[in-house]
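Those protein sequence lines, which keep their order, are chains A and B.
Just so you know, this note's numbering puts 120 at position 120 of the first sequence, and the rest follows in order with no gaps.
Just so you know, this note's numbering puts 1172 at position 172 of the second sequence, and the rest follows in order with no gaps.
Hints in this document: simulated from the structure, not taken from any laboratory.
Hints should not be assumed to be uniformly reliable.
When the alpha-carbon atoms are kept at most 20 Å apart in a straight line, the in silico SDA-like pairs for lysine to any residue are as follows [as the list claims (entries may be wrong)]:
#1 B:Lys1098 <-> A:Asn118
#2 A:Lys32 <-> B:Val1067
#3 A:Lys38 <-> B:Lys1066
#4 B:Lys1168 <-> A:Arg39
#5 B:Lys1329 <-> A:Lys32
#6 A:Lys32 <-> B:Lys1066
#7 B:Lys1066 <-> B:Val1080
The following residues of chain B were derived to be distant from chain A, with all beta-carbon distances above 10 Å [claimed, not checked]:
#8 Gly1042
#9 Thr1047
#10 Val1057
#11 Arg1065
#12 Leu1171
#13 Ile1182
#14 Gly1200
#15 Trp1215
#16 Thr1257
#17 Trp1314
#18 Pro1337
Note that the coordinates shown come from a computational prediction; the quantities given were computed from them, not determined experimentally.
The C-beta atom is built at its ideal place from N, Cα and C for all residues, glycine as well.
Listed below are the residues making up each chain.
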Amino acid sequence: MLDRYGIVAIFALLAVIFPAVPLLLSWVIRPKKPNQSKRATYECGLEFEDFPEEAQNVWVQFRVQYYLFALIFVVFDVEVVYLYPWAVAYSALGLFALVEMIVFLGILLLALAYAWRNGLLEWT
Amino acid sequence: MDILNKLFTNIYDAINAFLNGLIGGFGLTADAVSAIVAAVMGLLVGTAVLLFGVGVVLTLIWLERKVAARVQDRVGPNRVGPFGLIQPVADTVKMFIKEDIVPTNADGLVHLLAPVIALAPAVLAFVVVPFGQGMAPADLNIGVLWIISVSSIGTIGLFMAGYGSNNKFALLGGMRAVAQAISYEVPQVLTIVPIILLAGSMSLVTIVQKQSAIWYVFLPVGLIAFVVYYISALAEVNRTPFDLPEGESEIVAGHHTEYSGMKFGLFYLAEYFNFFIVCTVATTLFLGGWQGPFLPSWLWFILKTYGLIILGMWIRMTIPRFRVDQLMKFAWQVLVPISLVNIILTALLLVFFKTG
């Protein structure tokens, strides 16, 4: 078991090296001639420098609907943590596990229906 | 045929024996020798898998353009090499020699780390993929969970690209990428539960072995799970019809608007890596992995995976992009209920067939 996770550790090392190598290599061979207009933020059809100061920065508060979806996502993703072990052990657990899981999924379906009815699943 | 089938495992054994002999000659303890050999073999396997992955990506770039050309009644790349086969190599060289431009307003560190974080999870996901009989780099007993948990990290890279660029198109693209990835991750994750129920294991190797009698896609519940998985996987890797994070006709290039040179190349690589991985996972879970008559196991695996990849390219060329509201609605109001009901259905059927 341990040597399997040893391979995982080696892959984790490779996962860092693998993107770093081409970045370093291209850092060596590519041209480096930056200038002001090259380094300006991309804008389509307008002069970025003409924007007022507060419009040049986009690190602003963003619309709240994204966070609502994130909340529903957390609920369902945590649920999966319970579903996977249940699914692995299902054949050994028998009928009781089935009833329990149907109750569990039923509650989640109710929650989904509640969110649905309140219009949380609609993008406006 | 048996020689071909065991080709790669035999090469592995031969190198393993050679290393054992080589390092054993230094007079170290047996434990030290086996540890060093295991580490070197792990590095070799990892490098081989990554080189294979890069090769796959190069063929995918070529294939994607050729399929697109075929669908749109064009010829496609045909100047660089026979049938344009060297075109992806030329593209790669171009990525290497292009200047790297970082906007003055951007957060330099986040801008640099974003492509690395987008690509690293794709490499990690390769650990558990069984490329053929006895050819999984590591047969973890939590294989499915590993792939799912690792591949969702890549989304953070896309968001970092959007946020770090300090560009409104990039920010919109990054936000959309996160919203889409988390919405489609729920059906993608839920729809695998019936397969785990059927196989009674999360190890990808065991799941493939359990399919020796019948591939899960030929069972009714397996077919539903496969369709849901494939759709949400396409959305997860941001491919057209679900390419809203890039949406070139509305937000320029989405999260990689401000990227050029090799940093952009890494995003490109990550995108194709992820596409390849979701197709290998679909092959493993639903299409019986390496199982198949006559041909060697690894060839079957590659053939099935490329079949799914070409299906994805065909879908890309045929279906126009979704709107954001349609996208969210489809995930939460169609795919999630279907996969929840599918779980209950599978559990019920299993009880029914066991007792009756």
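> Does the structure break any of the earlier hints, and which numbers would those be?
Replying inline: As far as the earlier hints go, 1, 2, 3, 5, 6, 8, 9, 12, 13, 14, 16, 18 are violated by this structure, in ascending order.
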